[in-house]
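Fit chains A, R, W, F and D with the ligands to the given chain E structure using the hints.
There are 6 protein chains.
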Amino acid sequence: MFYMDGKLQYPVRVEKPNPIFARALQQAIGGVEGEIRVCLQYMFQAWGCRGPAKYRDMLLNTGTEEIGHIEMLATAVALNLEKAPLSLQEDAAANPIAGAVLNGMNLRHILSSGLAATAEDANGVPFNASHVYASGNIAADMLANATAESSGRALAVRLQGMTDDPGMKDMLGFLVARDTMHQQQWLAVVEELGGHQAQLPIPNSHPDSAEHARFSYAFFGHDVSGMVPSGRWTEGASLDGKGT
Amino acid sequence: MFYMDGKLQYPVRVEKPNPIFARALQQAIGGVEGEIRVCLQYMFQAWGCRGPAKYRDMLLNTGTEEIGHIEMLATAVALNLEKAPLSLQEDAAANPIAGAVLNGMNLRHILSSGLAATAEDANGVPFNASHVYASGNIAADMLANATAESSGRALAVRLQGMTDDPGMKDMLGFLVARDTMHQQQWLAVVEELGGHQAQLPIPNSHPDSAEHARFSYAFFGHDVSGMVPSGRWTEGASLDGKGT
Amino acid sequence: MFYMDGKLQYPVRVEKPNPIFARALQQAIGGVEGEIRVCLQYMFQAWGCRGPAKYRDMLLNTGTEEIGHIEMLATAVALNLEKAPLSLQEDAAANPIAGAVLNGMNLRHILSSGLAATAEDANGVPFNASHVYASGNIAADMLANATAESSGRALAVRLQGMTDDPGMKDMLGFLVARDTMHQQQWLAVVEELGGHQAQLPIPNSHPDSAEHARFSYAFFGHDVSGMVPSGRWTEGASLDGKGT
Amino acid sequence: MFYMDGKLQYPVRVEKPNPIFARALQQAIGGVEGEIRVCLQYMFQAWGCRGPAKYRDMLLNTGTEEIGHIEMLATAVALNLEKAPLSLQEDAAANPIAGAVLNGMNLRHILSSGLAATAEDANGVPFNASHVYASGNIAADMLANATAESSGRALAVRLQGMTDDPGMKDMLGFLVARDTMHQQQWLAVVEELGGHQAQLPIPNSHPDSAEHARFSYAFFGHDVSGMVPSGRWTEGASLDGKGT
Amino acid sequence: MFYMDGKLQYPVRVEKPNPIFARALQQAIGGVEGEIRVCLQYMFQAWGCRGPAKYRDMLLNTGTEEIGHIEMLATAVALNLEKAPLSLQEDAAANPIAGAVLNGMNLRHILSSGLAATAEDANGVPFNASHVYASGNIAADMLANATAESSGRALAVRLQGMTDDPGMKDMLGFLVARDTMHQQQWLAVVEELGGHQAQLPIPNSHPDSAEHARFSYAFFGHDVSGMVPSGRWTEGASLDGKGT
Amino acid sequence: MFYMDGKLQYPVRVEKPNPIFARALQQAIGGVEGEIRVCLQYMFQAWGCRGPAKYRDMLLNTGTEEIGHIEMLATAVALNLEKAPLSLQEDAAANPIAGAVLNGMNLRHILSSGLAATAEDANGVPFNASHVYASGNIAADMLANATAESSGRALAVRLQGMTDDPGMKDMLGFLVARDTMHQQQWLAVVEELGGHQAQLPIPNSHPDSAEHARFSYAFFGHDVSGMVPSGRWTEGASLDGKGT
Ligand SMILES: [Ca+2]
Ligand SMILES: [Ca+2]
Ligand SMILES: [Ca+2]
Ligand SMILES: [Ca+2]
Ligand SMILES: [Ca+2]
Ligand SMILES: [Ca+2]
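One line per chain: the protein sequences are E, A, R, W, F and D, in this order. Under our numbering, the first residue of the first sequence is numbered 1, with each subsequent residue one higher. Under our numbering, the first residue of the second sequence is numbered 1, with each subsequent residue one higher. Under our numbering, the first residue of the third sequence is numbered 1, with each subsequent residue one higher. Under our numbering, the first residue of the fourth sequence is numbered 1, with each subsequent residue one higher. Under our numbering, the first residue of the fifth sequence is numbered 1, with each subsequent residue one higher. Under our numbering, the first residue of the sixth sequence is numbered 1, with each subsequent residue one higher.
Mixed in with the good hints, there may be bad ones.
Note that the list lumps identical chains together, so a pair holds whenever it fits in one copy or between two copies.
Unchecked claim - In silico SDA-like pairs for lysine to any residue, Cα to Cα no more than 20 angstroms straight-line: (1) K54 / G243; (2) K242 / P207; (3) K54 / E191; (4) K7 / R56; (5) K54 / F219; (6) K83 / G167; (7) K83 / V12; (8) K16 / L86; (9) K242 / S205; (10) K7 / Y55; (11) K83 / R13; (12) K16 / R232.
It is worth saying that the hints were derived from the structure and are not from the lab. Being a predicted model, the structure only gives us computed values, none of them experimental.
With the rest of the complex left out, here is chain E:
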């Protein structure tokens, strides 16, 4: 069961509302790298978890934190939409900037939500829950979570670079930090479970006899020239310690 306190996890201020930045922020709400996705992903992993209780608890804690991130971003979108232009300029020549702003807006911010956030990405594509990955395999899920936080942090960093609003830069500095933590949190579970050596290949419980092991540690070249790019993947012991 869940509770709330009606407060934001971290302050959200906007000094100069910008409806285009409101559109950009939507990617962090309803985009594939966004907060609805990680929130639901950690929750469903927790609810389906059949392993040790501490992983389930951890997932539930962090999933609950993420609801608050959606809340912060939805608040930020609404603040950026304050004073947005609501009508097309009769005399656009007189005000090309306002015209360009309206043209670039997510029009659903005007037409559908009344100047508030929507559950969609920066292009207005609604969040699709097929992105909620919960495989029932703890190692696979931890990698999925680290992936989500990596693309999520890349997004937050890019959003921070896009704005010069002090309030928005501050809020994003907090969200970036949480993504830093969460990346390491999920990878720490893999380490705790023995790291690559113990976990790879994922899932690690498959009987070897069912796998054609002669294909398990070979890079296959598909260049008609026969050239094969070399690197760690063609050299040294395999990461699971079983191949060469």
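Leaving out everything else, chains A, R, W, F and D with the ligands in the frame of chain E:
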């Protein structure tokens, strides 16, 4: 910001696990009548709310309750999937019932989630957040919410009729009751705001001069025979008290 | 079976074509608040109707009217796209306004449809028929329809506010009026069926014994502070007359 | 503007209701080969048509016919759902057939629509209007329409082969016939416009100088063996009479 | 099995990078008229082909060519995104053009892909594989392919008209030419199989007795005025030579 | 540019065709864990790659290998559909097993594709290209790829457990092995780039001053009881060596 206690809002028991019922329950999780939808809908309405604080608070309270409903249903799906058949019967003739069960399952319950709930409906279609209605108009949103709870309660009632498992009947009896409450909760706001007389037409702030009022209170027949079905919509004063 | 007369239900004129307004109008065609949705919704409700014939007939009449609304809006989109810029400006500095217009267009209006309407919303997201609600329960469906017309009228009012084209304002004045009528038409059915007192909870045919009635009339607070927002939903008799 | 008469275009009878066949029929309603698609496709082509009025008129006539086909199929689905099992069998062993039927049903026919048709395909995937092709080029659109009627007729023929219900076979015999007509109707337009010789390549108005014609009539082999499959595409004059 | 050589099929140059044109080009990658679609469509038709090997081979050759077209366009998108503005202008008044460019961009090109192509259309809607048509009927599939190449060539021609960049005009001149070839390639198969006379109606293997032939060659008027548009579809022998 | 040889990468045999297993295999073609996804993902990463050529080359090689995996699985689906029941049993009582099979099939395998693979998952949901992750950040993309191969290998292992057909077990043994290789291949790049120590947090190029570092290494508890689950994420040095 949000919190949890790791407990279910109401007990979830399954006496006879049934993977087909697990598939059916998914409709209440990720279907258009389901709990992810109402959860996000009430949250986004709250986060975009510019009206009196009490409506925002109420939305936030109930949105938070709904997360717990997803949790209960996800738990119920996992319990119904215990002991599900995992392999196609070599000799189906020997066990037509088990075969029929596997055939009718959401195969992603086996292949993708490892016997746990997914964020999709009874047909395996992922939840699509375009169903999160939050218009910025309180009356429109209250009707949307009452609608969601009406189709949601119809769904819960039908699920209850589909199963004879005492645990599932009990859990659904709770969820049905909450839908009863929530329907009236949203319609009570409309009543508090003056009811149909004051709120209709929604939105009620449009200048009359911008509407061609001669078309606002007439039923238009499109039957080539000229026949018009009569009822309250062709007779008596209009519900907003302005037309005839 | 259906027929047409090749005429518009109401005149559609555009004095100053505006491709950005063409994009905005798409929300009323293929958006969740739009005319394809209500058209299909009323039709599917009619085709699935097992109740009194007059409701089926009424649904069919109004569903048929809505096809004509799609037709009007598709015509309006095409007219607003007349003279749209088709190429990126080599010297954008010389014409920032035209550049801003092209930048803000739904590029599929140029690339995919040849300056005509598409079956998608203002962001270019195609209409998704999961929004066709037809539950088989007349009261639930009437609320769904009133909801659709409420968000639809909010949309039409906002579109009217966005344009200063006399022809577009006139057309939208008609569509707003029809939404006024349709809202009341659907709610009139609920009134005819006994209103909230008789219809709530929806569906109203569930045996009381299957519902845990002690949870049916209580507002649940989820604020960690224990604060509960009060209003009509915490005070007075329940709307169905059964709770307190 | 549109009208209806409340009658079916052709009689719809079901002697032995079959809920699995109801699921199959959904493909002809909301599938990519189905009637919602052609209905909207012909309508949008008509509404965007800037060419001779007779093509617009023809599109509008046939688009209007197609609404009636959705109506027939929705009726057929509802009839096939009469007496569908609504509950999971406590003692499945006693009735494996009924169990298998429920297992194979579109559960939304029970849970969401109350034994009526939905706007989705045979797998319960909602119709997606990105399939409404209307390019603004008459030749491209006629090919798109002939394609839709070809896959539509293949579907209707396969549905006819799947059932032994006399009523369903009769109804499908009608729909198959209409697809026969419509295929030829759209290709007749291409013939009237001069056939392949005049219309190819589509669009036929592009200045030759903008196309690198040396690549316009050559089959490119991508088999590493150098083998090129030969046929009419490697031999004889090109269909547009311009290449070799 | 497949191979590559790491080279582009035709040179891709961009002299003046334009992020808006990058957005437009996306339609040719992930749009319904685009290259992912034809690539997968020809592949799935080949892999499902049960007819003569030469058709399968031809499909596989051209499907393989199309991967290279995605590659060219993805390269073109990345080149057009070089030097794209990454931040909102603090002083938009000082640089309205750059502002308009950012406003009109697919923001995911900045936020999600790091200035590279995405698998979506010009509005940022991800490619949906329901557009991969492969019916198992060779004639239906050839029409579907000719349709795809017709809308694809219309798109490429419109893109060519939108840009004045010599490199982009050159690349599109190549892609237009390939679409010219491919249209005729697919229609050549229909001709080889006997043309309309032999293939219509599609599928051509249905027993006549199962079709109500009296409806197979009649144009049905649905205009309430009784007017029927006349043309090749109301006059002359049917294209399959069987009707009148 | 790409090439093919018309041969399968590894033999595909089916001894006992099983249409339900054909449905299950679809998850590996068009599911989020499937081969279309990894194929497009590696391709788009390669085409957008601005880093060292060897990573681009490696991505292109493996992306090209994956097309061949789709080909193998599509072949396996078609073989499993040989002799599938095409009609509903008039006398289901006489053959409950065949009835259960048809009921459990993806009906589009009969109705839409003519007994061949489709570009969709095990529930018939079409592949959606929003799952093609290509962020422009090499470390984020490598984690995304390792994630895809982990859930992909879990899927292949579960499919192998579902069948007792020797041919299918053999083919899946090959695909499982390739997933083993690919998991390690992508993680080897992270190792080559300095491992967690050098790469975390992802992206690793953000100026520290823009991040509120006091929140970067703290686990936040959201349990109302105050309980915090402890583990590697609450103890020891952070994985990037910067926090505690
Ligand atoms: Ca977060
Ligand atoms: Ca609920
Ligand atoms: Ca309307
Ligand atoms: Ca039809
Ligand atoms: Ca091409
Ligand atoms: Ca693979």
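Cross-check of the supplied hints:
no.	hint	verdict
1	K54 / G243	neither (33 angstroms within a copy, 22 angstroms between copies)
2	K242 / P207	within (14 angstroms within a copy, 39 angstroms between copies)
3	K54 / E191	within (15 angstroms within a copy, 29 angstroms between copies)
4	K7 / R56	between (26 angstroms within a copy, 12 angstroms between copies)
5	K54 / F219	between (38 angstroms within a copy, 13 angstroms between copies)
6	K83 / G167	within (17 angstroms within a copy, 27 angstroms between copies)
7	K83 / V12	within (17 angstroms within a copy, 31 angstroms between copies)
8	K16 / L86	both (17 angstroms within a copy, 18 angstroms between copies)
9	K242 / S205	within (14 angstroms within a copy, 34 angstroms between copies)
10	K7 / Y55	between (27 angstroms within a copy, 16 angstroms between copies)
11	K83 / R13	within (15 angstroms within a copy, 30 angstroms between copies)
12	K16 / R232	neither (49 angstroms within a copy, 38 angstroms between copies)
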